[in-house]
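Colleague: Spelled out, the chains give:
2 protein chains.
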Amino acid sequence: MNKNQYVAIMAGGIGSRFWPKSRTNFPKQFLDILGTGKTLIQATFNRYSKVVPIENIYVVTSHDYAAIVEAQLPALPKENIVAEPFRKNTAPCIAYIAFKIHEKNPDAVMIAAPADNHIPDEEKFIGVMNKALDFVGHINAITTVGILPTHPNTGYGYIQHESAEVAPGIYKVKTFTEKPNLELAKAFIESGDFLWNSGIFTWKCKTIIEAFEQHLPEVYELFYSDKDKLNTAEEQKVIEEIYSQCPSISIDFGIMEKAGNVYTIPASFSWSDLGTWNSAHANMEKDYFDNAVAGRNVMAFDTQNCIVHTSDKKLVLVQGLEDYIIVDTDDVLMICKKEKEQEIKDYVSEVKKAKGDKFL
Amino acid sequence: MNKNQYVAIMAGGIGSRFWPKSRTNFPKQFLDILGTGKTLIQATFNRYSKVVPIENIYVVTSHDYAAIVEAQLPALPKENIVAEPFRKNTAPCIAYIAFKIHEKNPDAVMIAAPADNHIPDEEKFIGVMNKALDFVGHINAITTVGILPTHPNTGYGYIQHESAEVAPGIYKVKTFTEKPNLELAKAFIESGDFLWNSGIFTWKCKTIIEAFEQHLPEVYELFYSDKDKLNTAEEQKVIEEIYSQCPSISIDFGIMEKAGNVYTIPASFSWSDLGTWNSAHANMEKDYFDNAVAGRNVMAFDTQNCIVHTSDKKLVLVQGLEDYIIVDTDDVLMICKKEKEQEIKDYVSEVKKAKGDKFL
Numbered sequence: 001m002n003k004n005q006y007v008a009i010m011a012g013g014i015g016s017r018f019w020p021k022s023r024t025n026f027p028k029q030f031l032d033i034l035g036t037g038k039t040l041i042q043a044t045f046n047r048y049s050k051v052v053p054i055e056n057i058y059v060v061t062s063h064d065y066a067a068i069v070e071a072q073l074p075a076l077p078k079e080n081i082v083a084e085p086f087r088k089n090t091a092p093c094i095a096y097i098a099f100k101i102h103e104k105n106p107d108a109v110m111i112a113a114p115a116d117n118h119i120p121d122e123e124k125f126i127g128v129m130n131k132a133l134d135f136v137g138h139i140n141a142i143t144t145v146g147i148l149p150t151h152p153n154t155g156y157g158y159i160q161h162e163s164a165e166v167a168p169g170i171y172k173v174k175t176f177t178e179k180p181n182l183e184l185a186k187a188f189i190e191s192g193d194f195l196w197n198s199g200i201f202t203w204k205c206k207t208i209i210e211a212f213e214q215h216l217p218e219v220y221e222l223f224y225s226d227k228d229k230l231n232t233a234e235e236q237k238v239i240e241e242i243y244s245q246c247p248s249i250s251i252d253f254g255i256m257e258k259a260g261n262v263y264t265i266p267a268s269f270s271w272s273d274l275g276t277w278n279s280a281h282a283n284m285e286k287d288y289f290d291n292a293v294a295g296r297n298v299m300a301f302d303t304q305n306c307i308v309h310t311s312d313k314k315l316v317l318v319q320g321l322e323d324y325i326i327v328d329t330d331d332v333l334m335i336c337k338k339e340k341e342q343e344i345k346d347y348v349s350e351v352k353k354a355k356g357d358k359f360l
Numbered sequence: 001m002n003k004n005q006y007v008a009i010m011a012g013g014i015g016s017r018f019w020p021k022s023r024t025n026f027p028k029q030f031l032d033i034l035g036t037g038k039t040l041i042q043a044t045f046n047r048y049s050k051v052v053p054i055e056n057i058y059v060v061t062s063h064d065y066a067a068i069v070e071a072q073l074p075a076l077p078k079e080n081i082v083a084e085p086f087r088k089n090t091a092p093c094i095a096y097i098a099f100k101i102h103e104k105n106p107d108a109v110m111i112a113a114p115a116d117n118h119i120p121d122e123e124k125f126i127g128v129m130n131k132a133l134d135f136v137g138h139i140n141a142i143t144t145v146g147i148l149p150t151h152p153n154t155g156y157g158y159i160q161h162e163s164a165e166v167a168p169g170i171y172k173v174k175t176f177t178e179k180p181n182l183e184l185a186k187a188f189i190e191s192g193d194f195l196w197n198s199g200i201f202t203w204k205c206k207t208i209i210e211a212f213e214q215h216l217p218e219v220y221e222l223f224y225s226d227k228d229k230l231n232t233a234e235e236q237k238v239i240e241e242i243y244s245q246c247p248s249i250s251i252d253f254g255i256m257e258k259a260g261n262v263y264t265i266p267a268s269f270s271w272s273d274l275g276t277w278n279s280a281h282a283n284m285e286k287d288y289f290d291n292a293v294a295g296r297n298v299m300a301f302d303t304q305n306c307i308v309h310t311s312d313k314k315l316v317l318v319q320g321l322e323d324y325i326i327v328d329t330d331d332v333l334m335i336c337k338k339e340k341e342q343e344i345k346d347y348v349s350e351v352k353k354a355k356g357d358k359f360l
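From first to last, the protein sequence lines stand for chains A and X.
Residue 1 is where the first sequence starts when you use our numbering, and the numbers rise one by one after that.
Residue 1 is where the second sequence starts when you use our numbering, and the numbers rise one by one after that.
Pulled out of the complex, with its shape left as it was, chain A reads as follows (with noise of 0.2 angstroms):
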């Protein structure tokens, strides 16, 4: 493996379609979501330990979480644990690692990826990963894995590519488009150029560095300024400073949609982004009735086409349901219809006015 190939998984999200067993103090990245006996980050920090060196994999999270990270990836060096001390979307996040990384090793080429994607087929991963560290190690580019999709999903962000190819299986991207209407979803499945933004990115440090002097000064400015501080004794305290004055913006708003070196490389392995308890059912094994099952002792009678997590000290005995979420944690039991799994996040809203904190 490369000594200038490096990741940053982005472990920071709150994953709030997943309550209640995604928790703001214990979000879903840190939870076993498809019964596998990984957590998703676990699973993560495997596949990428495939493809890089682990002292050159970097955990970026809310300080909030850093020991939790440290718990369940003891493989991972501490100090490879980078901790956010506010949560300002992704640019300030990508800008951190990359000048972090930057500063350690001036060749470096990274890949940025979710803490929580299912990809099971690791080999045809490794592939794809390692073309695209290829790829910009070469030329100075942004690439996302593009991935190819299955069906009109309108919980993913799209991506419209030009039809030649840059190099073998490599193409420049003409537009970005977050979470289309199904209408839209439909068309772009149809006219074949369209592709899933997996989110996985891939640049060299330098090259992010300068999309971000060119497209997000401000951010820029703030990092580039005290970046000798980063891997010293005073990185914790300076980047406290940064962030309280970074703006919160995204990665995908602030460059990927306004540069033009951004390329797709098209991925065929399956993935899934994790989202929601319908993507978790999706990707989990089922039985012969489509029940999907987290949790030792889950007794089912007439039902079908469920989601049924629970931890493996609890009995649960279902009879009678179809097409539902059943999630039982110590503190909250949620029982909601699948088709109304976007709503989830609106029932966490009126927990929170009813109930405050307590059982977020």
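Some hints here could point you the wrong way.
A pair holds if it fits inside one copy or across any two, identical chains being indistinguishable in the list.
[As the list claims (entries may be wrong)] Simulated pairs of lysine-lysine, DSSO-like, Cα-Cα distance not exceeding 30 angstroms: (1) K352 / K286; (2) K355 / K338; (3) K358 / K38; (4) K358 / K286; (5) K355 / K286; (6) K353 / K286; (7) K78 / K38; (8) K131 / K50; (9) K186 / K286; (10) K355 / K313; (11) K355 / K337; (12) K353 / K314; (13) K104 / K237; (14) K174 / K131.
Rather than coming from a laboratory, the hints here were simulated on the basis of the structure.
For this one, chain A is given, so just place chain X on it according to the hints.
Modeller: Only chain X this time, still in chain A's reference frame:
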């Protein structure tokens, strides 16, 4: 109140149809099934404390539950908790308490009543019980309170009585019928001379002991030969010997259906034996959508005609459910169609088969 009048509250049942709230080691009579703030036995004790002196109230229960009775009824004299060493159905239990009270007070008149009846109209109830006590005080009779049926319930026993009164509002019983099918239950209701058997019996101790002598001589002999050891330090030892030899038989089958001096007092108060979750639903406060809730943190969306039973510390959010029983305890969650409540016993058997006694 009359010093010769006693009540024996029968609290040895295991309430399996209220699983998973009712558990082998903590059955329904000790639970606040209706969400009123009182357990069923507490409500029953309060009711009878307005009929007889508190020192004349006895609770007969399994020795496994004696400590629960003591904790839940602090006003009950501790020596009035009568613990059965084995479960031998209702006849030995009644023989035991009748002999015990008779030894103390040969003039005793007693009520034997289930611990889990729900009778909200106390005034009417007290009137009926005083009438029953007065009747059996004068006549060597066995009475049972008959409830004017409101619907063809197939879970109750029925009483057919003669049409002529023997005293104002008191009738001789012709037959007892256990749980009829729906057609028969409908015919009973239409005929007008059937009542629900409340299982609230009244008699002189002397009268019921004579009935045992005549109809269950085997049981009679066992208790009679050691009756002078009751209410002494030897009681427990003697009772263990008696119970180990005693047949397991119900008072209904062993005495009621055979005795010639059985009378019924029709009562028009609202009554439920709280045998099932549906009967609990019927007797609980309900919201506009007919949901009955126990638990302070239950939030229901698009949900109708459900019963949700949980602890005050748990948040339960339900969406899109109609006609379900949802019961959540620390170690068991059950979700089940209301129409399947009679099958709960079968589900419990399946749980026992699959998981042993752990969740029973």
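Colleague: Decide, hint by hint, whether the structure agrees.
Modeller: Verification of the hints:
In this homomeric assembly, K352 and K286 come within 30 angstroms of each other (Cα to Cα) only across copies, at 24 angstroms, whereas the closest approach inside a single copy is 33 angstroms. With identical chains, the CA atoms of K355 and K338 are at most 30 angstroms apart both within one copy (24 angstroms) and between copies (29 angstroms). When the C-alpha separation of K358 and K38 is checked against a cutoff of 30 angstroms, the pair qualifies both within a copy, at 27 angstroms, and between copies, at 27 angstroms. Proximity of K358 to K286 under the C-alpha cut-off of 30 angstroms is restricted to the inter-copy arrangement: shortest distance 26 angstroms between copies versus 33 angstroms within a copy.
Taking the shortest alpha-carbon separations for K355 and K286, only the inter-copy value of 21 angstroms comes in at or below 30 angstroms, while the best intra-copy value is 35 angstroms. In this assembly of identical chains, the alpha carbons of K353 and K286 lie at most 30 angstroms apart only when taken from different copies (23 angstroms versus 36 angstroms within one copy). Proximity of K78 to K38 under the C-alpha cut-off of 30 angstroms is restricted to the intra-copy arrangement: shortest distance 20 angstroms within a copy versus 54 angstroms between copies. Only within a single protomer do K131 and K50 lie at most 30 angstroms apart by alpha-carbon distance; the minimum there is 14 angstroms, versus 85 angstroms between protomers.
In this assembly of identical chains, the alpha carbons of K186 and K286 lie at most 30 angstroms apart only when taken from the same copy (27 angstroms versus 45 angstroms across copies). Taking identical chains as interchangeable, the C-alpha atoms of K355 and K313 lie at most 30 angstroms apart whether they share a chain (27 angstroms) or sit on different chains (12 angstroms). Taking identical chains as interchangeable, the C-alpha atoms of K355 and K337 lie at most 30 angstroms apart whether they share a chain (22 angstroms) or sit on different chains (29 angstroms). For the homomeric pair K353 and K314, the shortest alpha-carbon distances inside one copy (29 angstroms) and between copies (16 angstroms) are both at most 30 angstroms.
Taking the shortest Cα distances, K104 and K237 sit within 30 angstroms of each other inside one copy (19 angstroms), while across copies they are farther apart (83 angstroms). Within a single copy, K174 and K131 get their C-alpha atoms as close as 21 angstroms, which meets the 30 angstroms cut-off; across copies the closest is 91 angstroms, which misses it.
When the structure is compared with the earlier hints, no violation turns up for any of them.
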